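Asks: Generate the whole structure from the sequences, applying the supplied hints.
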Amino acid sequence: MSGTGGSYSNDRPPNSSVVDPDYAGDPASGSFFNPEFKKHEDLKQMLDSNKDGLKLEAMKRIIGMVAKGRDASELFPAVVKNVVSANLEVKKLVYVYLVRYAEEQQDLALLSISTFQRALKDPNQLIRACALRVLSSIRVPVIVPIMMLAIKDAVTDMSPYVRKTAAHAIPKLYNLDPEQKEELIKVIEKLLSDKTTLVVGSAVMAFEEVCPERIDLIHKNYRKLCNLLVDVEEWGQVIIINMLTRYARTQFVDPNAGVDVNEKEKPFYEDEEEEEEDEDNEETLSKRSKPMDPDHRLLLRNAKPLLQSRNAAVVLGVAQLYQHVAPASEVWLVGRALVRLLRSHREVQAVVLTNIASMSTRRKDMFEPYLKSFFVRSSDPTHIKALKLEVLTNLATDANISVILREFQTYIGSSDKEFVAATIQAIGRCASNIREVTDTCLSGLVCLLSNRDESVVGESVVVIRKLLQSETVGHKDIISHMARLVDNIKIPMARASILWLLGEYCDKVPKIAPDVLRKMAKTFVTEDDIVKLQILTLATKLFLTNPKQTRLLCQYVYNLAKYDTNYDIRDRARLTRALVFPPQGHEDNKLAKHAKKIFLATKPPPVQQSSFKDRDQFQLSTLSHLINARASGYQDLPDFPEEAPDPSVRCVEVPDSFTPENHHRPSHQKKTKTPKTKSFYSDESSPEDDSDEEDESESDSDSDSESGSSGSDSSDSSSEEDEESESEEEPKQRKKPNVGMKKQSERHPDSQSSVTEDSDSSSSSSSSGSSSSSEEESDDSDAGDKDEKSKKEKDQQQQKQGQQKKKNSVPGNRSNLDLLLDLDDAPPAMDTPVLTPSLGGLLTPSPSTQPAQPLPPGASIQPAMAKFVPTATQELLNRISGNGLSVSCRFTRSPHLYSPRMTSVELSFTNNGSEEIRDISVGSKKLAPGMSLHEFAGMAVLKPETTLYGTLGVDFNDTTQPAMFDLMTAGRTFSISITAPVGELLMPLAMNEADFNLHQSKLRGMNEISGPISLSSNNLETKNLVDRVYETANLLQVQSSTTSVVKFGGQTASGKALVLVSITLPENGGESSVTVNCEKMVISSMLLKEFQSALKRN
Amino acid sequence: MIHSLFIINSSGDVFMEKHWKSVIPRSICDYFFDAQRKASGNEDIPPVITTPHHYLISVLRNNLFFVAVCMTEVPPLFVIEFLHRVVDTFEDYFGECTESIIKEHYVVVYELLDEMLDNGFPLATESNILKELIKPPNILRTIANTVTGKSNVSATLPTGQLSNVPWRRSGVRYTNNEAYFDVTEEVDAIIDKSGATVAAEIQGYIDCCVKLTGMPDLTLTFINPRLFDDVSFHPCVRLKRWESERVLSFIPPDGNCRLLSYHIGSQSVVAIPIYIRHNISFRDVGGGRLDITVGPKQTMGRVVEGVVLEVPMPKCVLNCNLTVTQGKYTFEPVTKVLRWDLGRIEPTKLPNIRGNISVQSGPPVTESNPTINVQFTITQLALSGLKVNRLDIYGEKYKPFKGVKYITKAGRFQIRT
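Those protein sequence lines, which keep their order, are chains V and U.
Counting along the first sequence from 1, when you hit position 434 you're at 433 in numbering that gives the first Met the number 0, and nothing is skipped either side.
Counting along the second sequence from 1, when you hit position 149 you're at 148 in numbering that gives the first Met the number 0, and nothing is skipped either side.
Take every hint as true, because none was put in to throw you off.
Using 30 Å as the maximum straight-line C-alpha spacing, the simulated BS3-like pairs for lysine-lysine come out as follows:
(1) Lys-507(V) <-> Lys-521(V)
(2) Lys-80(V) <-> Lys-134(U)
(3) Lys-50(V) <-> Lys-134(U)
(4) Lys-401(U) <-> Lys-925(V)
(5) Lys-363(V) <-> Lys-303(V)
(6) Lys-510(V) <-> Lys-596(V)
(7) Lys-416(V) <-> Lys-489(V)
(8) Lys-924(V) <-> Lys-239(U)
(9) Lys-17(U) <-> Lys-43(V)
(10) Lys-925(V) <-> Lys-398(U)
(11) Lys-219(V) <-> Lys-239(U)
(12) Lys-489(V) <-> Lys-37(U)
(13) Lys-296(U) <-> Lys-386(U)
(14) Lys-371(V) <-> Lys-296(U)
(15) Lys-134(U) <-> Lys-59(V)
Covered, in the sense of this in silico footprint (three residues per stretch, anywhere, with C-beta under 8 Å from a C-beta of chain V), are these stretches of chain U:
(16) 33 to 43
(17) 110 to 123
(18) 191 to 205
(19) 232 to 240
Source of the hints: derived by calculation from the structure; they are not laboratory data.
These numbers were taken from a predicted model, which means no experiment stands behind them.
Even for Gly, the Cβ is constructed at its ideal location relative to N, Cα and C.
Replies: As structure tokens, this is what we get:
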């Protein structure tokens, strides 16, 4: 240790003239005069200084001590003080130190707790996570309640990373205090319903550690877990697959039940099938026709792609899943992937080969095609070689045995003796398993008897003995050949084998056997114990068959054995002697009469089978399987049930479970229904953006409320914060009621609906605020959000249409948002938290959101809601050319969130085909200059017969040129072109007549265009006319003083040029005409034509 | 899961330990040392060692043992994979992973271990995320840090954990956008005495070095994707897309990564680019003779370079007295390895090595001849014939610089004599 131990010193800065504590006790390093009690004095001083640099340096050296395993516990008081350090790295290192030593210094460790509690409310998710991690790692039993609270809070955190950390903290708390199990199970249940891929792996890990027996918790999440599996991080995948294997074994019936067992060489689950067939053959027959549970299939289907994971543990996990759960006909799938792993590191090879060896005892066909991959290279380590031999032997069949034997032959020449011995055994096993080659093998082995290497000969003898034993015909020449070997061969096992053979077949070599015994009697004293025993046996057998020649020899051997040093041999001699040479007076001993029967009974031949066969009792890929012993914590894989339990438990209607992202928009829970697959962290950017803000507000309110309840620790922290936030006092007060309400809704997700009602009464705009913010989030989010959004839009449209009449008195839901969007003219960077409720701006009705009663003249013109949203759709991609995918678009007339200059286009994707369409996204765009396009969030999967929606934002630059882009799906690219009717390029403006007239007068001359229209009879009524105009163009009617002229106001979406339309109604048989004023003449002329044709229709 | 980790050097010093749960005394390593003593070589230490209360799972990399201690049932491969990932991460951070490097950067190492594992369960193992949490050391920063007293933990914590794709950090920026792909194929072969191929496989990798701004979405297509027998992917590759179209579609991690490894197995015919004529004989009297000639076989017009032959001689060999027509040879009397570094093979003049082997007097002389391990490289050629068709970039507007490099190497290439 000391030789290399002390060299962690390269990081030391030049200013550290102080003595290295590592060498403090070492006189050679110049610290003669440092008394022992001052050992770490310098470090303490550095830690107490107020310079971060010094502290950091001290911490680094302390960590160095910890890393080397030296005791640094006496520095605890000095270190723990620095937990409040503002320097992040110091803090981190202190955390590392705390985790290591807190257990030993529990009282002092408590000093740090309040820091963690504060950090748990930090706006930065990483700090929250880190605090939770350390808090839960310090293993001080006193803080169990605090940990519990922290975990419960963190489980509902915005950030998936924090929730993941919370999942990790659960087993820690459980280990610290198993009493908490029930409560933890509740937390786990909540975490299991999480939909973020980052979290589920850890949630399942917590489940496995704490309550693996509560399989009922999985039911509801089963399908989700299967669907998310591919996207979970690799370590989580391993855990989930293992858990689901167990689950499948309890919930589904055996897929192989009823499969014709003879089809396969060996039944897959021998015992079960046999039992079942014994029980009731008809039942099996009926089961044969029964299809697999779709959920069972779902698991297998979703796990299959993971065979291509780069992580060997995942691949092996899937392999064991297939082995244990899949129908026998599908298991071969995993063979190829497992063979691939053999190219990996030595350790991976060893584990994978062990598993392959075990699998191949049951299923040769799976690995037979890859036979050559198991050929041994001379560079393989010995244990790998042995495993490969094992696999080769298991795979041997009539067809490939010649190849295998040729391989074995080359192995025998190897310089690795252990390996050669294993090869010879393998040959023996092949010979006994495959009748056709027994003779070839036997003669081959006999050839080996003349090998120059003794160990080869010895091993061959043993193997030949086993082979001869199972052979019915005698091989006299082989036996006599072997008898000759006794003179030379030294290996005890081989000598013992030869002797045993001679004794067993002494009738076949009546001349040789007694001679061998004679030689053996001479060398008896120097023989090995095992050989001595066999000499005894040989002597006994010979005496029984040929007493004439061997009586004296036999007695001599017995006498030698009687005085042997080994008690086993003495005992054996005593026992057999009593049988063979009954003592005086006991000649009629019953046993002695049957001695011949006893010793020369026919023995069953040894069964040569794989040593891996008995590993079947363990689940593949487990530690227990590898070491072939029950590891602590190993759970047996349950057998398939006879009858499948109720499959309906897995059905999830509308998951009412908690999802962190929807707790501030309780009315939109439907969104959780659509599975998320594409985006990895469903709620990233947006919640993160406003989480900073919101958390701040939360932490404020939290610390306030907690200071009352949780003792003195937090009271000073909260007072600190109060000081800090005094300047914000005013906005905070405004926030408070709402924040409180939000808190409440977080705590009781069930009572959300009532809470919303409350909030409605408190401020009407708050709901609009939250809905708009949620909408903003959905922009970045996935298909599910889109779906929800479009629904929401429809809701709003309906609302609007209902409200049409009171429009001007009550601001539409949207106006607030419009205004905000309008404020920043450039495409607003949506990552600025404009719309977070915590800014307060949305919670208090701002004057501008109430363009309530008729505007006074001269008041500014307000953007308004669309009065009408067309339902007609335009087909963009037809199902035939789209290969099953059809796309249509609709103009939603709502401002696009990305930029107010954009027109929202809702695309609906329908899959008319029978296969899933994957990865729908926007590819390359071909846009005219000046135009821009904001793509919809890509969709991962479009199931057959379903429709999903996405919203595009297109800035048409006030032209009717088509926006062209490529729509990509997995495998195909379609080019799409969207042309907006001129009416959709507009946005309605609310203005009063005075403004209208004012602006109209400015837009005379070139900017005015008018033409006659022939109104159809229907359109003569003002109401119908207005509706018709709304259908044609996205404008808003302006309250007019005269009934003969109907006026509409609006602006172009991109250029924000005013568009004023006035339609003169034919009074008293006069001409009706339409006038359009707009500085963009193209727009106005096109609009005019549109009106002319539209109003002609009925 | 993983309780503790001990890092042990080749001389048996436990020079670093880290505990994620309660502390396990380092005396547990004695069981490991026992196993080490029993094994014939470091390679032969079983990856899993059972002790009365613990299980030691170890990997050997760069002559360092990484020994993880577990107490309960755990998938062993899970731990092994993780330990390898730890070493990969160290290599990624420090360039190499040796004892001195680990000791030099022990603080970073400790911080990394702390981030990678929480309570024995992997937390963040993607190097992109780790690099945002803990900056990798480089000389410039080390100097700057010493001067300014700053550290390599960034003051503003990143939001990388929340980037859309876990393997890529957000806000990547480069002035030169480039994407390079290296197609490396390793030929594993066993050639028997007579020169016939017993087994031959190709193990291929596509490593990429992608330095692209923003969030590019790349598509890599091959001219002949049906070649692959089996493939495994970096998590960034969209599996479904591959299954349906045999196209690699992915958002690349920033920097280097192994995008794909593939296997062209025993079923397909693999062209062996080199042949070796050999004649090695040991006689009881007068030592042995050795005569080896190397020549190119199916190289598709490329030159075979970097050819090295290694012959692990039997223990009885004392020395070799050889002459070479090109390159140079060494014989290591301790390990008994004859190594002939012959460089490139010119088809006109085939390299040859011949001479006498002096053998220990007296029996036993081995009956079998040693195997010859061969190394070689062929540049600008993927032996399987794999060709990248094109690389398309979506989602970003710039035109990156793209490049593909092919190289074929010998993997476990053995010739039995």
